[in-house]
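**Student:** Given chain A, work out where chain B should sit, using these hints.
Protein chains in written order, with our numbering: chain A, 10 to 446; chain B, 10 to 446.
Please note: incorrect hints may appear among the correct ones.
Where chains are identical, the list cannot tell them apart; a pair therefore holds if satisfied intra-copy or between any two copies.
Mimicking EDC-like on lysine to aspartate or glutamate, the simulated pairs with C-alpha atoms at most 20 Å apart in a straight line are [said to hold, decoys possible]:
(1) K264 to E414
(2) K264 to E360
(3) K436 to E95
(4) K336 to E131
(5) K11 to E350
(6) K398 to E252
Since the hints were derived computationally from the structure, they do not count as laboratory data.
Protein chains: 2
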Amino acid sequence: MKQINVGIIGFGTVGAGTFEVLTTNREIITNRVGARVVVRKIADLDIETDRGIPEKPGAEIMTTDAMDVISDPEIHVVVELMGGLEKAREFILKAMEQGKHVVTANKALLAEFGREIYQAAERCGVSLAFEASVGGGIPIIGALKTGLSGNRIQTCMGILNGTSNYILTQMTRENLPFESAVADAVALGFAEDPPTLDVDGTDAAHKLAIMISIAFGSAIDFDQVFREGIVGITPDDIRFAQEFGYHIKLLAIAKDLGEQLEARVHPVMIPKNHILANVHDAFNAIFLEGDFVGPTLYYGLGAGRKPTGSAVVSDIISLARDMVMEKRGMMPPLAHVRPPEKAVSIQPMDELMTSYYFRVSALDTPGVLSTISGILAQNGISISSVIQKGRDQKGSVPIVMLTHEARESQVQRAIHLIDNLDVVTDKTVVIRVEGND
Amino acid sequence: MKQINVGIIGFGTVGAGTFEVLTTNREIITNRVGARVVVRKIADLDIETDRGIPEKPGAEIMTTDAMDVISDPEIHVVVELMGGLEKAREFILKAMEQGKHVVTANKALLAEFGREIYQAAERCGVSLAFEASVGGGIPIIGALKTGLSGNRIQTCMGILNGTSNYILTQMTRENLPFESAVADAVALGFAEDPPTLDVDGTDAAHKLAIMISIAFGSAIDFDQVFREGIVGITPDDIRFAQEFGYHIKLLAIAKDLGEQLEARVHPVMIPKNHILANVHDAFNAIFLEGDFVGPTLYYGLGAGRKPTGSAVVSDIISLARDMVMEKRGMMPPLAHVRPPEKAVSIQPMDELMTSYYFRVSALDTPGVLSTISGILAQNGISISSVIQKGRDQKGSVPIVMLTHEARESQVQRAIHLIDNLDVVTDKTVVIRVEGND
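One chain only, chain A, in its complex shape (with noise of 0.2 Å):
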């Protein structure tokens, strides 16, 4: 029986998982591939640390310097966990030009410098796999790369910061303050302290610039992706929300307008019967719509060891597979052998058309709503619903609004002339809305 030598660069919580996963489920994996999948040789700086898992590695095949892995003749698949940027990037390319097979988790790297590895991968005449980038376990760079292939994707929509949607779940149910919740999430593991990249939009901008490079089959410039995060939702926004029909959830949308993308991270207000507004704590979930699937959706744990872990060893596995076959052509990162004529252009965020939710804390004195409904309607912003509340303590009163489609730009435009208003009191918190149709 033929044997499949992988070695594992970063033995932190995912490369943990993946060696978990590789010896626990063994005999499985023998069967579904039809060859041995044998781990190698392992790289961490730290190689003494108990990790945690039931079959530990021998010391013979562990090792402090990652050109032991990539170096090695023998290995078939370097699988790079280590994560960051820059050493990843490097070992990265050094695998490939030794014609090793590469399997990666790092989504910033993916994100930020996926043009050249792509490139290098197809170069090298080597396969590149990344299921574990996006959505941790959720097989969705399968769904996008085969699943759907058949398809012109026009929506691409998702929860993909477990860390912030376990924050905004527990602000939703136990009527938290934003800074209680992530105390919370740091205290039970949910999140690192502090949560930056998971609470600003970037990690889940991450993975949105993953999926549209696969389905667009072209890598895009990730500074292009609008990002907004969740600092500034109160619990009195995600009770107006609901008292209008929402939940807010912090996703990442793209859809295909034809000539151009749009490509944004930041709270939305999504109706409470949307698939995707029912999905809470830390679960993942990723909405695809294709012009001939239709809507689909796909759900599951976005992180964590064992999520992760499965992810990387499906990698693994279909490597594995192809080489038990034979394959000789590899098929390129993006799963388009050929790019499409025609790159993909983001829109400006200023374009974007959408539906918006306003918050304005102003003073309770007669004329405010007129002075500020005159605004809106000055900028072409048309109201579809209005809550005003009775006075608070300090005398200003919150005035909530739901518009009809308008554009960013005249949004932001007559955002700025309401918070100079005398009478308003604090910054308008705007949350944009989506889904519905």
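**Tutor:** Positioned in the frame of chain A, the structure of chain B alone reads:
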């Protein structure tokens, strides 16, 4: 540029959908495959009727003889979309003997004659792909074969029949009796007239058998899958379910018990907050739980020309990619190169342990509840809650109960005794409960 030639047998709904996807998205598919995918011949007994698709196949590629497709030496992939058992089986086997790769959407054939067909594919060294056989456009076969390939699958549970889900949704929303909901579904084109295989659980059981075969690596005997339909469900049961906090769904369930496997299709009561309880209308959803990935869900349209066409084309694209990459070996149809050592053994239904809902119709006389609960207690069934409603016009009342976990054989014995009581006026409705963890 290479060209991959496809022949289609059966040009009904799904055949037309497949042709529509291949022609509408010709350029996208060419980019993704790196070769042109061309439909070279289409066989159907009716080559006259307009299928209502934008681009029509030229008359020169239409034939009434399936053997024209199977014997054409230029055709690489034969796509069987005629349905039915005997003829389809014959054509698929002949195509494989001619060295053609085969794509099929024929769930009945795979569930009932799968073993023979899977073996034939391996013997002939060809690929057999059947993404469209389960869950319509949802890429669930891909998730089982590839996405979760590192996992031991513990639970595979789904709403696999859109027609019965549509009927149950209408019964719930509109408070309709079964017969009226069926009539609506037929009138709207969601159901055949009569929709026997949909509502009696056979169609869902076919799909469950296919998923089990992949998850556990060997074909199962279809007759061992327990089937019970939704014909006996009344609006009363739906209302009582809601009072207890449940929805009623037709669910296909497989669970790995270690030595044996549960495999059953029947109506269930499922908690309202379970993600499967929120799958409505004609949508399908499959819940897969693996030992590492944890709970995952896949959701989309389970039938129809376009979604099913999407799934068939994803298979064609995968085979075409393999040809472009000059893959030499072939992955066996069930994605197990070595079948597992132990064949799958299905647990007899009598041994099932689960919770139950009973609706007993009884005369409203003193002592009835005590008699019934006595019989249950004697059979080791303990009650978790009871609703007893006021007298109806005919003098009989519903006594509605939920039980703790009990054994199916004891439940059947107790219900038999209860139904033979003089005070019991109608057959007791029994619905199993699922998803209560």
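**Student:** Each hint needs a verdict: does it hold in this structure or not?
**Tutor:** Now the hints, each set against the structure:
Proximity of K264 to E414 under the C-alpha cut-off of 20 Å is restricted to the intra-copy arrangement: shortest distance 16 Å within a copy versus 47 Å between copies. In this assembly of identical chains, K264 and E360 lie within 20 Å of each other by CA distance solely inside one copy; the values are 13 Å within and 50 Å between copies. Taking the closest pair of Cα atoms, K436 and E95 never come within 20 Å of each other, the shortest separation being 39 Å inside a single copy and 71 Å across copies. In this homomeric assembly, K336 and E131 come within 20 Å of each other (Cα to Cα) both inside a single copy, at 15 Å, and across copies, at 17 Å.
In the homo-oligomer, the alpha carbons of K11 and E350 lie at most 20 Å apart only across protomers (19 Å), although the nearest pairing inside one protomer, at 41 Å, exceeds that limit. For the homomeric pair K398 and E252, the shortest alpha-carbon distance inside one copy (12 Å) is at most 20 Å, but the shortest distance between copies (35 Å) is not.
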